[in-house]
Amino acid sequence: MASMRTIWHAAGVDVLDFAATATILAVKAKQRSLATVEQPHDEASDDSDSDFDEVDDWAASKQAAPLTTTSRDALINKFLDRLGELFSREKSSRKHGGQQGSKYVAALGWIRPSTTSPLTIILAKNEGLDDPDLRMRSQLQLWLRTVSLTGQYPRFASDLIWTGDNGLVVYSRGRLWYHISQITHLDHYGAMDINLNRFRKNVQRLAREFRLPKCVLKSKTAHKYMRATRLHVHAEVQVLVSLATNVDWHQRAHRYIGISKKPCFLCDQILQNYIMLSMQGAREPAFKARQTHGKIYPLWTLPRNNSVPNVVGIAMATAVNHAYYHVQRHLQHEVALRPAIAESSASITERTSMGGGFTTIRKQHLESRHLQGPSKVVQGREDPIILGRNIKTVRVALLPADGSPPKLVPIDFHALPEKSDRRLPQCGNDYVPNFHHYWGECQFERRFRILSLKRQVNEELDGEYRLYWNENYELPEDESVKVLIGIEKANLARRFWYGDAFVVRFSEQPTTFGYDVQDTPLAIFEGGFLKNLFQNMWETQFLEEKLADNCHFEAHKEKIEADKDIIFERMTPVEQAVLSRMPPGTLEYLAIVACDDGAIGDSSIVDNPDDPSMKIITTLQRRTALESLDWHGFHSSQL
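Throughout, my numbering is defined as the position within the sequence shown, counted from one, plus 1.
Treat the hints with caution; some may be incorrect.
[As the list claims (entries may be wrong)] Label pairs and their calculated CB-CB ranges: (1) G528 - L213: 49 to 59 Å; (2) K532 - E589: 33 to 43 Å; (3) E335 - V607: 54 to 64 Å; (4) K393 - G487: 31 to 41 Å; (5) C552 - A36: 47 to 57 Å; (6) E335 - P477: 32 to 42 Å; (7) E335 - E589: 29 to 39 Å; (8) L76 - F543: 48 to 58 Å; (9) L76 - T619: 47 to 57 Å; (10) R582 - E478: 47 to 57 Å; (11) P114 - T619: 50 to 60 Å; (12) L76 - Y326: 31 to 41 Å; (13) N435 - E461: 20 to 30 Å.
[Unchecked claim] Straight-line C-alpha distance at most 25 Å; calculated SDA-like pairs for lysine to any residue: (14) K215 - R228; (15) K455 - E527; (16) K225 - E527; (17) K296 - E527.
Hints listed in this document are in silico derivations from the structure and should not be mistaken for laboratory results.
Ideal placement from N, C-alpha and C gives every residue a C-beta, glycine not left out.
Construct the complete structure from the given sequences, taking the supplied hints into account.
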């Protein structure tokens, strides 16, 4: 048996080098689809478009044959893809409401029945199955068994698969296979924590080896990937590895993996090059899937704690090796890109990996821009941030990175720049502290947390504070924080505080929103307050939570920027001229209230009757097109 670590070794590839090399290609390609050699279509592949499929393939898909002449294998392929779409829809993040993401991508495998084992369908999702998935699985299993035994489906009024509390209200065009007897789910293969510093150094080293412009690693895409602390196991890889670890399953498996969306570039490379050793006959990929969308999601890995038969291990290692060197070949030449391709064939599941969905109009906008050719790499660093006027200087608490005693130091506070900048977390009437003397050019890679102290023993401490820290790993780790936490060495898999940390005292008027800063009292260093604060942040993984929140916020801002571009380009010259005379922020407002999904229809701000110092903000989100049509899905008889 070969372990997954053995497979990486056999492939001659380091797991972090694989991720780092793929990251560089993803950054160089600007998250665009790579041009790939088209694979020959055969009868067993599902290239047909359902009524709800978007025709976005780079090459035209083959027209589906009529049902009466469609082969058994093609029907199974279609069933698996549609079942994957079913399990990928109508799920939302508990934290961010209606935002769907890559965590809901589903993949399925079909295990043929034998004399001793029933037909089995295995199901995996990128981030595992949640309770609604398990309930739907059980109900669908019962429903399919009933249909297969009776050959009939219940009337709509009594059909719980549609109308029950856990009914199926998403659309699905998958054909029923009459011999379904069991649906099981895979145990989720967890993501792998990585050595963040080593991963970043690998990315920087490989960027130099491939002689990429230094500015490539200054882009937002590079910044996003280089802050990652985990590699992920995609759903189709979970299914592939599960089949590989079970010899009986591997032999009985249908040679097609159903996926709710098109596979990414790396998964497609693995599937294309996962070819079993054989003594006779043509050697072909062991499993096929939908045509790839060609985009690279580089934070990719294999499961860690699985053992596979050696013959399978060789095939897996060969596939990894092919994928790795294929990525390297792309980096050694000019990257050939192609127009934007939908990642999903079902528009309702079309979402970006960071949240904030791309709908049909937005995809058309991206296609029209991409058809003009790849963007040129912008030379040099990002533009410097020019702060506003110097407003005042106050004394703030400093926790030195070198571990020396904490103290109060003078810091200048400035007004916000005239033009808003995504790198500044402050907004409204805030003042911006200038930490250039301590953090240098990376001073705007800052984060802060608001602290409220009330009813302290020392009343001098009562008030509002902001704890500022830096996230640039090129700064030294804050030794003062290590002392407060009680550790000697930071866990490399964890996020940490870099450079000096600061505590700023501020005040804000609840009615006028007036902002001001004051001298931080020296007593802030007494009573164990800072020690308790940092220990709590470390134990509750606050920095990791903050990163997730920031990623969601960045994705939301990217969505607004994309909507702004679409709205502006659809304006006539007269409308654009009118817009130029409108108050600043009008285009942002239009992007929020006039976009084709998630638009805010109305909002109001009123006084809170229970607390005069607070306001109640109410927003009304517009109904989607399907909600306006009062559409609730298909009836069983329409399948």
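Each hint tested on the structure:
1. G528 - L213: 49 to 59 Å: holds (51 Å)
2. K532 - E589: 33 to 43 Å: Since K532 and E589 have Cβ atoms about 42 Å apart, the given range 33 to 43 Å holds.
3. E335 - V607: 54 to 64 Å: 58 Å Cβ-Cβ, so the 54 to 64 Å window holds.
4. K393 - G487: 31 to 41 Å: Since the Cβ atoms of K393 and G487 sit about 36 Å apart, the hinted range of 31 to 41 Å holds.
5. C552 - A36: 47 to 57 Å: violated (29 Å)
6. E335 - P477: 32 to 42 Å: holds (39 Å)
7. E335 - E589: 29 to 39 Å: Holds - the Cβ-Cβ distance for E335 and E589, about 36 Å, lies within 29 to 39 Å.
8. L76 - F543: 48 to 58 Å: At 51 Å between Cβs, range holds.
9. L76 - T619: 47 to 57 Å: holds (50 Å)
10. R582 - E478: 47 to 57 Å: holds (51 Å)
11. P114 - T619: 50 to 60 Å: Holds, at about 56 Å.
12. L76 - Y326: 31 to 41 Å: holds (37 Å)
13. N435 - E461: 20 to 30 Å: holds (26 Å)
14. K215 - R228: Distance of about 18 Å is within 25 Å: holds.
15. K455 - E527: Holds. K455 to E527 sits at ~15 Å (cutoff 25 Å).
16. K225 - E527: It is violated: about 38 Å lies between the C-alpha atoms, which goes past 25 Å.
17. K296 - E527: Cα-Cα ~53 Å, so violated.
Of the numbered hints listed earlier, those contradicted by the structure are 5, 16, 17.
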